[in-house]
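S.K.: Letter by letter, the chains look like this.
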Amino acid sequence: MENWHRVLLLGRCLGPLWLALLAPTVPALAAEPIGPATEQPIFEPQVERRDVAVDKIDTEDFEVGLFFGVMSIEDFGSNSVYALRFAYHITEGLFAELGAGMSQGGKTSYENLSQGLPLLSDEERELFYYDLSLGYNLFPGESFIGGKAFNTALYLIGGVGNTKFAGDERFTINFGAGYRFIATDWLALHGAVRDYLFNIDVTGEDKLTNNIQLTLGATVFF
Amino acid sequence: MRITAVFLLLAQLCAIGWAHAKDGALQVRVAAVFVELHAGPGSDYPVLYSAARSEKLLVYERKTDWFRVRTVTGTEGWVHLSEMEQTVLSNGQRFDAQAITSAEYEARTWEFGVLGGDFEGSTNITMYGDWHFTPNLSTELGLSQIFGNYSNSWAANLNLMHQAWPHWRISPFFTLGVGYISTTPKSTLVQAPDLDDYSANVGIGARMYLTRRFLIRADYRNTIVFTDDDDTNENIDEWKIGIGFFF
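Going down the list, the protein sequences come from chains U and G.
Counting from 1, one number per residue, gives the positions in the first sequence under the numbering used here.
Counting from 1, one number per residue, gives the positions in the second sequence under the numbering used here.
Same shape as in the complex, but just chain G:
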């Protein structure tokens, strides 16, 4: 049943891909002395053809920073963004595909990433998604899996983050949030019940813009787990580092 669903999904995606392939292409004219057509979407692929000034190119698709084009005589190849920007559209406007720069980073709305690190001596993997609703404020949903010697845990956290200087290349942030943590003791070691607890956390961290849609991020959090077996709450130090990308 599950596999059938996956196949149906895949078939649908194939259909989308096919529909895209048949779409009309955008026509541009070379405005530089020449632009180079590579055999594939990467600078390592050999140059197949150089399109000279005034030559017309049809643009079909984009993969990362590369555009698949076809010349009037039917030669197909991939042109890098920096060279595509030296072409003009039929209405005379410059081809402006807006390379992803730090300006887009500062104006990002969505951010996703993966972090790894330490959770009070245990290994921690976290996936997160941020929604930046102002340049300074964002809300974050994080899902963590924690692998300990005697038990494993899943944790979900909802946080509010404040970034005081969003335009800094290394920009610190402050975070405050609540969460839920579910712990299962390892099956071979101890006979103990599963534990489900609420938690609250406070933390600091920093992001650094790397390149294109990439950023690096590190943070430290202090989490208090409100255990219900006695009056003492558990205090946990947690640090993580990882990679994110944004839209």
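Next up, chain U with everything else stripped away, as it sits in the complex:
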């Protein structure tokens, strides 16, 4: 198989060489250009050199995983949050991340104290968000457990997105930090803190709220 490849390559390399050698002896041939073959350099670079074996090396630039934790929704208490995150590692430092998650708002202090009409319906208390963020592995390092070294990184992350809560879609800015612990060549564990900032006007005035999310996650590289 490889021999055939070489024969072909030699044929391609030597073909123009034969033509070049023959050309001066055949003036009629040399006088008029007969096509691109005569214009080719004698030493044609071997463009077919690339070996496909190199392309078969497993690239692991994508990371996908589940996160679970607590989200504190300003005025509406703290509740569990689930998120799915997908990251693409662009360089050793930078990565882009697409995330989506859901949580639920509880009752405000006002609702509990007044025992009056609820501010929001149950459906409006459902919180759903997505975000598009850029992260940077600020402090790559190693952790040592049981005499074994594991690669880790403390990363900063921030981005924009949308939060659907209290009946409206809300433009959301997020920023935070996380710790990635690479347990095996394909599995990583995360601990992350993210603040989601959005405006909300259901409590009487339009105000910017901080909604902090603490999560633990497991991701796989592929």
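Since the hints were derived computationally from the structure, they do not count as laboratory data.
Quick caveat: nothing in here was measured; it's all calculated off a predicted structure.
Certain hints may be false.
Here are the simulated PhoX-like cross-link-like pairs (lysine-lysine), alpha carbons at most 20 Å apart as the crow flies [as the list claims (entries may be wrong)]:
(1) G/LYS56 / U/LYS164
(2) U/LYS207 / U/LYS164
(3) U/LYS56 / G/LYS56
If the Cβ cut is set under 8 Å, some of the chain G residues that face chain U in the computed set are [as the list claims (entries may be wrong)]:
(4) ALA39
(5) ASP44
(6) TYR45
(7) ARG62
(8) LYS63
(9) ASP65
(10) TRP66
(11) PRO135
(12) SER187
(13) MET208
(14) ARG212
Here are some chain G residues the structure puts well away from chain U; computed CB gaps all over 12 Å [claimed, not checked]:
(15) VAL28
(16) PRO46
(17) SER54
(18) THR126
(19) GLY177
(20) VAL178
Beta carbons: idealized from backbone N, C-alpha and C, even for Gly.
Assemble the complex: chain U is given as a structure, and chain G must be docked to it using the hints.
M.R.: Chain G in isolation, oriented as in the chain U frame:
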């Protein structure tokens, strides 16, 4: 139900990851005076070992520009692409992993990115995907969310883009397309019905290749929304800037 599906997906991905980890490795021989094995896939990780000329390395996986290798004596580490290129394969060929350069950028087929900006005074987030079917022509699908003071909108656009000078570092493009925009008034402010309208847009913009698979892009669009309540169409100025990557 949804969570079960996600877990199943994750389990599947774990299985894929495991299968990859067990695959056979590629063997290379060091052709430079030495190559350095770092503890992790990054230049900040300490150098654990220097593999000397003629030493054999097994290559297991790649993360960004780093390759995880193992020496004959079992030392594992990560070697940067630039040093891997100073090794040879068993058949004598140079290890050529083809670093991503502007040549790959010019030959890109797929491009994805995120843009942010202004949509007639409202905040706009857009995700887009481009399919480049010739060096000059591409088609783009964009999905935008627009956050206004009184209403929010979702918009989808299908565009045809023409890039006259694809080999320029800052390369301008021209775009023409149609779209659909769905507007929902804010629940606390007004009692108005949802609006769904078709739109058409024309725009100009530019891309600049940054590094590796990265590009920066900015554009301006003029969108006409064909509102159906009266004869006047809405004319919207929109500008965006953002980051994209390509394959």
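S.K.: Against this structure, judge whether each hint is valid.
M.R.: Now the hints, each set against the structure:
1. G/LYS56 / U/LYS164: 55 Å, violated
2. U/LYS207 / U/LYS164: Since the Cα atoms of U/LYS207 and U/LYS164 sit roughly 16 Å apart, the hinted pair holds (cutoff 20 Å).
3. U/LYS56 / G/LYS56: Between U/LYS56 and G/LYS56 the Cα gap is close to 19 Å, so the pair holds against 20 Å.
4. ALA39: 6 Å, holds
5. ASP44: 5 Å, holds
6. TYR45: G/TYR45 check passes; min Cβ-Cβ to chain U is 6 Å, inside 8 Å.
7. ARG62: Given a least distance of 5 Å, the restraint on G/ARG62 holds.
8. LYS63: 5 Å, holds
9. ASP65: Constraint on G/ASP65 satisfied, holds at 7 Å.
10. TRP66: 6 Å, holds
11. PRO135: 20 Å, violated
12. SER187: 4 Å, holds
13. MET208: 16 Å, violated
14. ARG212: Given a least distance of 6 Å, the restraint on G/ARG212 holds.
15. VAL28: 9 Å, violated
16. PRO46: It is violated; G/PRO46 is separated from chain U by about 8 Å at its closest Cβ, not greater than 12 Å.
17. SER54: Non-interface label on G/SER54 holds, nearest chain U Cβ at 19 Å vs cutoff 12 Å.
18. THR126: 10 Å, violated
19. GLY177: 22 Å, holds
20. VAL178: 24 Å, holds
Hints 1, 11, 13, 15, 16 and 18, counting from the list given before, are not met by this structure.
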